[in-house]
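Trainee: Okay, here's what each chain looks like letter by letter:
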Amino acid sequence: MLSTASMERILAAALSHGGDFSEIYIERTKLSSVSLLNGVVESTGSSIDCGIGIRILEGDKCVYVYSNDIYNEEKLIRMAKNASASLSEVPGGRTVYLKPVIEYTSQPCQISPSTVAKSEKVLKLRKAGETAKNYSSLITQTSAGCSDAEKEIWIANSDGLNVSDKRCRSRLIIQAIASDGNEKQTGYFGPGSGEGYEFVERYDLDEKAVEAARIASTMISAKPCPSGKMPVVIGNAFGGVIFHEACGHALEATAVGIRSSYFTDKQGLAIASPIVTAYDDAKINKEWGSYDVDDEGTPSTTNLLIKDGILNSYLVDKIGSRRMGVPSTGCARRQNYSYAPTSRMSNTFIAPGKSTKEEIIADTEYGLYATNMGGGSVDTTTGEFNFAVNEAYIIRNGKICEPVKGATLIGKGNEVLMNIDRVGNDLSLAQGVCGSASGSIPVDVGQPTIRVSEITVGGQA
Amino acid sequence: METRIRTFIDLLLKKAEEEGFVEAEVYFESDASTSVQALEGKIIQFESSDASGLSFRGLFEGQMGYSYTEDISEEMIPFLLSQAKDNCRVLEVKEKVTVYEGDKEYPEFNGFNEDLLKIGYDEMAKTALELEKKTLAYDSRIESVDDCYVVYSSGELLIVNSKGMVCESKDNELAVYVGCRAKDGEDVQTAGKSWSFTSFSDLDIDDCAKTVGKKVIDKLGAHSVPSVKSPIILDRYAARSLLAAFAGSFSADAMQKGLSRLAGRIGEKIANENITLIDEGMIGNSPHCIPFDSEGVSAKRTVLIDKGVFVSALHNRKTALVEGISSTGNGFRGGAKGSLGISPTNFHFEKGPLTQDELLAKMKDGFYITALHGLHAGVNSISGDFSLMTEGFLVKDGKITEPVNQITIADNFFDVLLKVEDLADDVDYFAFDSSHIQSPSILIPDVSVAGE
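These protein sequences, in sequence, are chains E and Z.
In case it helps, this note's numbering puts the first sequence at residues 1 to 461.
In case it helps, this note's numbering puts the second sequence at residues 1001 to 1452.
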């Protein structure tokens, strides 16, 4: 690790020609993974990622340089000086003094994953794979995996900020594939936590294996989904991906700060139906998307995004704060040292309402029940989004009827939020990986069961 | 390659032998890049990087174990060897995997253009600012160029193993991305495009600005349509993104694991007679030439579908061994950190006989689709089913008319292969394009289009 004095010299070098703020982010991450296909250990890996990123700001202009050479102070000073020179030709410069380091442990681990033998992880995965396989004769393949990351970061900046953080994350994957001649359907779960191996030890993966196998075998006999506009009931947990894509991304300063988002200038105005309240909460204990301090060294917050349909707050990082004239909400994140941080989500969810799931379905004459969502994407300028549905049923006369496959939901974020006409009381979170400007980061999505009065469903029928 | 790296690799291979690895290989990758972003007449972001990673793999107790580090210092050698060994102890791969002794000859490859080195920060900044200005100037309805990047990148690759194989390559390129938004009343549309160049003189700023400007203006006024079964033309960008989404089905690894519908179907007709699909490592002056794969197997030309008949899958050395044939040179890692899998190189449908206008005339009425969205989620890569948000234009009487959006198209990739009615001749393998997967425009009858 670089000494405090080295960091001070690099931060000063970064301001030698121009810039009003400099920052160093150093990372060392131990990663390990193992995966089984049909009960056979097919691949496993162990790696060390390490590097340093140096960022200089001048107003809202950003210069970012990075390297793996974290021990070579001379080279890092040269890089910092060159980066600074891209801002101005006029030699300036100042001295930087760092405060004593504040040590955070955002995600403590009781059992460090790197101390656990892979063979032990394999036992658990093999059992889950067998459980899925034994569910039905339709299940022809299973895969199961376990991956973990132990990340240590150090952040220092020219304002004197000096923090370190330890983050440990573990994730399990179970997938079942059902086959019926040419047709193949999959069921999948990827639970994760901001914890060490204790999460893997405690977690009931067999239960998810049964669920995955049930989805795959149900969908194999499903008919193609009908298409057109209809009411859609979206299941809880991973169903929250719709809010993440259709609303969350458009609330990020990355889009709002340059006025490209459709939510620009909407603070204090109604952007959703009055029954919608939503949060981005990085402070949920041990959650997959949580952290105590963000990647700019700002303490994390519980950010109330929407209150009773009214836009309350955006997701703002340091550059966004400069562009928008509001304080940072502690949401600057990055995949690793090779990305400059930017405004991102953590654990984003719609707060629970009053209806039960059963009431919402009973109250729907005809529509689609999208119980398990796949991924999706959004254009934060036009609001257009698309999601895949992994498990869906037709609702007829308030009853869940036949399963349908191959459904896609499309629409515009701003319209869909206004069209949410039921919010259930069964809030649940699910873990995923969100890819955007600063790389792929762990996030939670979540919601109770909700109903959207009208949404375009794409299907083959 | 830096001598420090060669010295490290030689020491690592020597220690691996001492530690009881029967065979060993080191894969080292180093990338450097510089990028500038222009917004509102200013350079708002400048990035520069220099990153490298080293992967070790070794054969121990019959298994090939991997480990990886970005910290390339002697103290990391025990970590690399012990982790690879631990990984060998838990692996249960049945096939015998070995490192390759190398080919006698490799294609000549010159992917590094010294001229590109001369482009400094000032030139890149000037280019980005001009690109932004010219895109804005294309039409007064263009409100902003939200993404305007110029990126220079270079990479070096070195594979050295205990069988004496040394494969080394070096390349560089200049990439440009322009994304903009246009507004007409309440109607907001976005469009973007990326290019990659191996020479600075190939970059035509006016052309880039015009292409993106036209693309976004053409989308203004786009609307949804009622659901219908209709013929569609996927233009070459939409067609190649569909091909890319299902490229994994042609991997022998997916077939051997029962994860591809093409398993066991070599010799069968899987596509219409007008379809020929080729994978070609070295293709003229394409900016995506690859002289050897991650195992050191030299580039090949593989016909996968020959006039509708499935003749070959994509192989690495492991899958080839299982079937008693030679690797097709498609053993690639997803970066130094990834373990060895199978990926296509320059992968493309052969062009058809018709011009684009003739293809439109042949369809008469339908949709001309210019982009597919949500390909990471809306496809079932095993069954071939897809349901994707899309955009494009209505075609009436063989002519492109008004723009459409907020619609989806749904079908099955394997059914599409069989029913492609015709292909245009507009594929360009040598375009300054950012993709190594290419296709001409294709006409598909009877596709489910869902809208209002």
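None of these hints come from the bench; they were simulated from the model.
One thing to keep in mind: the hints can contain errors.
Stated by the list, open to error - The following residues of chain Z were derived to be distant from chain E, with all beta-carbon distances above 10 Å:
no. : residue
1   : 1039
2   : 1065
3   : 1273
4   : 1339
5   : 1354
6   : 1413
Said to hold, decoys possible - Listed next, the in silico DSSO-like pairs over lysine-lysine satisfying Cα-Cα at most 27 Å (straight line):
no. : chain 1 : residue 1 : chain 2 : residue 2
7   : Z       : 1229      : E       : 81
8   : Z       : 1215      : E       : 75
9   : Z       : 1163      : E       : 127
10  : E       : 30        : Z       : 1014
11  : Z       : 1015      : E       : 133
12  : E       : 75        : Z       : 1118
13  : E       : 75        : Z       : 1257
14  : E       : 412       : Z       : 1085
15  : Z       : 1419      : E       : 223
16  : Z       : 1183      : E       : 30
17  : E       : 151       : Z       : 1337
18  : Z       : 1183      : E       : 124
19  : Z       : 1014      : E       : 124
20  : Z       : 1215      : E       : 127
21  : Z       : 1118      : E       : 81
22  : E       : 166       : Z       : 1337
23  : Z       : 1419      : E       : 30
24  : Z       : 1170      : E       : 127
25  : E       : 30        : Z       : 1337
26  : Z       : 1183      : Z       : 1337
27  : Z       : 1399      : E       : 266
28  : Z       : 1085      : E       : 223
29  : E       : 412       : Z       : 1118
30  : E       : 412       : Z       : 1094
All of these numbers come straight from a predicted model, not from anything done at the bench.
No residue lacks a Cβ here, since even glycine has one placed at the ideal position from N, Cα and C.
Trainee: What hint numbers does the structure not satisfy?
Mentor: Per hint list: 1, 2, 4, 7, 8, 9, 11, 13, 14, 16, 18, 19, 20, 23, 24, 26, 27, 28, 29, 30 violated.
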